[in-house]
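Numbering (the numbering used here), first residue to last: 1 to 207.
Be careful, since some hints might not be right.
[What the hints assert, rightly or not] Keeping only pairs whose Cα atoms sit at most 35 Å apart, straight-line, the calculated DSBU-like set for lysine-lysine is:
(1) LYS198 to LYS13
(2) LYS184 to LYS13
(3) LYS140 to LYS27
Hints were generated in silico from the structure; no laboratory data involved.
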Amino acid sequence: METHVYLIRHSIKMRSPIKGAFSVFDKMQPLSGEGEARAKMLLDFPALRNADYAVASTMSRSLATIRYLLEADNVPYAIDDRLRELDFGKKPEDQSLDEFMREKWVYPERVPEDGESVLQCRQRMEAAIQEAVAEHPGEKILIGSHGAAIGSYLSGILYGLDDDFVRSINLPDVFHLTFTGEGKPVYERLEMPFPLPKRELPPKDVR
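Given these sequences and hints, build the entire structure.
Dropping the structure here:
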């Protein structure tokens, strides 16, 4: 029996006037106009249509991205905080932001100050996804999450996943995982029909 999971990164969000990831504003941040347009384009992907179930993270842009699919096909859904974005933590003062981000994938077990490791994020993502698969065997499941969180999860499936791969994850982006009950899921990345936006990194001074 095959269970098909479509892991979806959110679309482009509005620019924040407030610095700091995981602030209340960031968690509730809506999609931009372009982000809404891109989210609607997911309706043109036959593979994403007529899903049986969906789960989105507690950060609102996740549900906002898949809501057109949910509304069009009347898909039941749930919210799961385990699908939230990787908590990057604080960057050491003696390290550049680029070095800080790249080293996360070289040392996935390293826990930053006031944050979490890639491994910790992977473990909660795996728990949430496996629970959805166990509760909906043989079905098509949409899962809305975030770029680094998706990268953390996929680092347990793809050998050599690094910061360049995470930088390449589009807004939105879709990864098809086929679970058969044996071993790791079969991985496939859907091709997105729009250009990759400039990467938005966490601010240098605050989380």
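Hint check:
1. LYS198 to LYS13: Since the Cα atoms of LYS198 and LYS13 sit roughly 12 Å apart, the hinted pair holds (cutoff 35 Å).
2. LYS184 to LYS13: holds, 32 Å
3. LYS140 to LYS27: holds, 27 Å
The structure fails none of the hints (numbered hints given earlier).
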